[in-house]
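All chains should be modelled from the sequences, with the hints used to inform the complete structure.
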Amino acid sequence: MREEMAQREAAELLRGHRKPRSPHGWGLLEALWLLAFYQPVVTEGHLRRKNLEFIFIRFSAWEFAGCDKLWAGLVTTLCHHVRQHFGALPLSVFHVLGSRPRFASGFSQREWILKKGTCLRLWGLLLVLAAGLAILLVALLVPGIKDHHALKVVGSAVASLSGSSLVLGALSILKNFLVSEKKKIERLTNSDRFAGQLGFMSKIREEVEVLVDFLAFMEVFERRRLRVVLEITSLDLCYPEKVAGVFNAMATLLSDANAPFIFLLAVDPSVIVPCLEQTGCMKGLADNGYLYLNRAVTLPFSIPEMGARSRLRSVEAAIQTREDLLYRIIAGNVAKTRAGCCCGAAPAVPSWREAESEAVAWIHEAFRCLHDGSDVLSRYLPENGANVRRIVNTIPITLRLLLHRAGVAGAPSPRAAAAWVVLADRWPCRLSWALQCLEDAGQGAATAGAPEKSLWSVFQEHAGELSALRGQLGKLLSLDGDPELFQAFLARDFPFGAAEARQLLGVTVNLDHSIRQHMALLRALARL
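Quick note on full-length UniProt numbering: the sequence shown kicks off at 1 and runs consecutively.
Note that these hints are calculated values from the structure, not bench results.
Positions of the beta carbon are idealized from the N, C-alpha and C atoms, including for glycine.
Some hints here could point you the wrong way.
Stated by the list, open to error - Under the rule of at most 25 angstroms between Cα atoms (straight-line distance), these lysine to aspartate or glutamate pairs were calculated in the DMTMM-like manner:
| # | residue 1 | residue 2 |
| --- | --- | --- |
| 1 | K116 | E44 |
| 2 | K453 | D482 |
| 3 | K115 | D213 |
| 4 | K175 | D213 |
| 5 | K453 | D480 |
| 6 | K50 | E231 |
| 7 | K182 | E231 |
| 8 | K50 | E9 |
| 9 | K453 | D440 |
| 10 | K453 | E484 |
| 11 | K453 | E439 |
| 12 | K203 | D213 |
| 13 | K175 | E30 |
| 14 | K182 | E209 |
| 15 | K183 | E206 |
| 16 | K453 | E465 |
| 17 | K453 | E305 |
| 18 | K115 | E30 |
| 19 | K50 | E3 |
| 20 | K182 | D256 |
| 21 | K182 | E53 |
| 22 | K50 | E356 |
| 23 | K19 | E53 |
| 24 | K50 | E354 |
Claimed, not checked - Cβ pair distances, simulated, as ranges:
| # | residue 1 | residue 2 | range |
| --- | --- | --- | --- |
| 25 | A491 | V297 | 29 to 35 angstroms |
| 26 | R368 | L114 | 48 to 54 angstroms |
| 27 | R295 | L14 | 39 to 45 angstroms |
| 28 | S202 | A131 | 40 to 46 angstroms |
In structure tokens, the structure reads:
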């Protein structure tokens with residue numbers, strides 16, 4: 001994501017766009033001036049900007065596991081990091097004087113509009129203050145008028161009223177500067193009336209809305225798009241009711257269609273699903289935690305089994321945490337440096353741009369098959385818009401992984417890869433059963449002299465066993481689509497073989513691998 005930021009920034013500068021600004025140094029004074037007297041305008045040029053900045057926030061749920069409300073910890077972490085990133089002063093001024101951006105009328109490129117009402121009020125207060133002070137000075141200093149107490153009272157009253165308005169505004173800014181949004185939410189959660197406090201969620205919502213409006217203001221000021229990326233980890237170590245609370249907080253933050261938030265949820269579904277099913281958030285979803293996750297997550301990425309190189313990297317990373325083994329790493333680096341000096345030039349490898357252009361061509365071909373009404377693949381697309389977005393989001397990742405592992409020559413066609421993604425999304429339970437039976441039967445690669453089995457034939461052989469376990473796999477089977485379409489998909493339109501299925505399984509990210517593990521356990525118990 002950081003590389004994407006740098007590439008987009010460089011591309012925008014090459015197009016001749018203005019350089020982004022920062023609310024630090026001299027830019028802070030400019031930001032405060034615009035905050036006080038100008039309203040930002042979202043123009044067509046701003047919407048066309050491609051450069052963006054990611055604000056990364058890591059939220060470890062385990063650190064807030066002792067809180068009464070875990071979701072409150074998520075909101076306070078968000079507010080704290082945004083305040084820390086931009087500074088306390090701009091956010092404090094925005095709370096008092098800032099205004100949310102408005103959309104431009106027509107094709108105007110003017111990004112800032114003077115707030116005439118604010119300027120008139122300020123000049124009015126200053127004029128009244130100056131008049132009051134002048135009257136007071138005249139009543140105190142001019143001979144012959146000193147004895148007129150009424151004039152002194154009028155001057156003092158006018159000066160006090162106008163001056164107090166300015167002082168109250170300054171005190172409001174100072175209060176927001178000293179009392180952060182994090183402290184406000186913590187004060188609400190620590191209240192004795194917290195359990196029955198009416199409008200508590202509305203107050204949290206107001207703080208979040210101010211934060212969203214502030215980020216929209218800073219987008220126009222910095223001349224780039226802003227996205228807050230929250231990485232949520234260790235959620236599977238918390239109690240069930242707190243897990244559900246975090247999902248509720250995510251739904252609250254994402255309820256606004258223009259909210260600049262991206263959530264990276266790193267969890268183990270086999271642990272999270274039972275936690276969700278134990279709480280009351282499943283009402284109306286047939287108490288199915290998998291169905292809840294499918295509706296909450298827009299881009300699933302289930303990490304495949306670790307390969308040999310990944311295992312070696314994990315071992316090396318574990319060794320680096322041992323101080324008593326650091327000398328081995330240093331010695332190894334020295335040996336690699338000497339070996340690199342002695343060896344000749346390395347063989348040429350495809351450049352990043354060549355691999356990227358090849359991947360883009362494959363992705364376009366896969367999307368063409370999905371959009372082609374004459375292609376049988378389009379008939380298997382789900383009716384639910386959320387599932388369609390999941391498929392569209394997953395196909396580029398699957399194809400890039402496939403090209404990285406197998407290359408252009410050894411990889412299945414883009415159409416076959418797209419069909420596999422659709423298969424994993426429409427029938428996750430039945431596909432997991434077929435793959436587990438294939439793994440148990442040792443049919444990952446065809447034996448010499450024996451015809452290779454198709455994935456459908458493997459499923460047919462063990463369909464009776466799946467029927468016997470339907471009571472224990474009922475919730476998983478409810479995730480699947482029409483069984484007759486599944487048969488037509490594998491038996492007629494896309495007859496994947498065992499070897500092809502094993503190859504595609506290594507790059508499948510939209511299939512929950514914990515389902516296969518659960519099936520493997522049930523099969524092992526049934527055979528005891």
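Results for each hint:
About 24 angstroms separates the Cα atoms of K116 and E44, which keeps this hinted pair within 25 angstroms; it holds. Distance hint between K453 and D482 is fulfilled; the C-alpha atoms sit about 24 angstroms from each other, no more than 25 angstroms. The hinted pair formed by K115 and D213 meets the criterion: a straight-line CA distance of about 17 angstroms does not exceed 25 angstroms. Straight-line distance between C-alpha atoms of K175 and D213 comes to about 20 angstroms, which keeps the hinted pair within the 25 angstroms bound.
For the hint pairing K453 with D480, the CA-to-CA distance comes to about 23 angstroms; that is within 25 angstroms, so the pair holds. Of the supplied pair hints, the one linking K50 and E231 holds, its CA atoms being roughly 23 angstroms apart against a limit of 25 angstroms. Between K182 and E231 the CA atoms are separated by roughly 18 angstroms; this keeps the pair inside 25 angstroms, and the hint holds. A distance of roughly 8 angstroms separates the Cα atoms of K50 and E9; the hinted pair therefore holds under the 25 angstroms criterion.
Between the alpha carbons of K453 and D440 the distance comes to roughly 14 angstroms, so the proposed pair stays at or under 25 angstroms and holds. The hinted pair formed by K453 and E484 meets the criterion: a straight-line CA distance of about 21 angstroms does not exceed 25 angstroms. Annotation: proposed proximity of K453 to E439 holds, straight-line Cα distance about 12 angstroms (limit 25 angstroms). Between K203 and D213, the direct Cα distance comes to roughly 15 angstroms. Compliance with the 25 angstroms bound is thereby established for this hinted pair.
Our distance criterion of 25 angstroms between C-alpha atoms is met by K175 and E30, whose separation comes to about 22 angstroms. A threshold of 25 angstroms between alpha carbons decides the hint, and for K182 with E209 the separation of about 14 angstroms falls inside it, so the pair holds. For the hint pairing K183 with E206, the CA-to-CA distance comes to about 15 angstroms; that is within 25 angstroms, so the pair holds. With a C-alpha separation of about 19 angstroms, the suggested pair K453 and E465 falls inside the 25 angstroms cut-off, and the hint holds.
Pair hint K453 plus E305 holds up; C-alpha atoms about 23 angstroms apart against a cutoff of 25 angstroms. A threshold of 25 angstroms between alpha carbons decides the hint, and for K115 with E30 the separation of about 16 angstroms falls inside it, so the pair holds. The suggested pairing of K50 with E3 holds, with an alpha-carbon distance near 14 angstroms, which does not exceed 25 angstroms. The suggested pairing of K182 with D256 holds, with an alpha-carbon distance near 21 angstroms, which does not exceed 25 angstroms.
Proximity of K182 to E53 is assessed by CA-CA distance (about 23 angstroms); at most 25 angstroms being required, the pair is judged to hold. Taken as a hint, the K50 and E356 pair is honoured in the structure, with Cα atoms around 19 angstroms apart against an allowance of 25 angstroms. Note on K19 and E53: the hinted pairing holds, with a Cα-Cα distance of about 13 angstroms set against a maximum of 25 angstroms. Taken as a hint, the K50 and E354 pair is honoured in the structure, with Cα atoms around 23 angstroms apart against an allowance of 25 angstroms.
Roughly 30 angstroms separates the CB atoms of A491 and V297, a value that falls within the hinted 29 to 35 angstroms. At roughly 50 angstroms, the beta-carbon separation of R368 and L114 lies within the given 48 to 54 angstroms, and the hint holds. Between R295 and L14 the beta carbon distance is about 41 angstroms. The supplied range of 39 to 45 angstroms therefore holds. A hinted range of 40 to 46 angstroms holds for the C-beta pair S202 and A131, which are about 42 angstroms apart.
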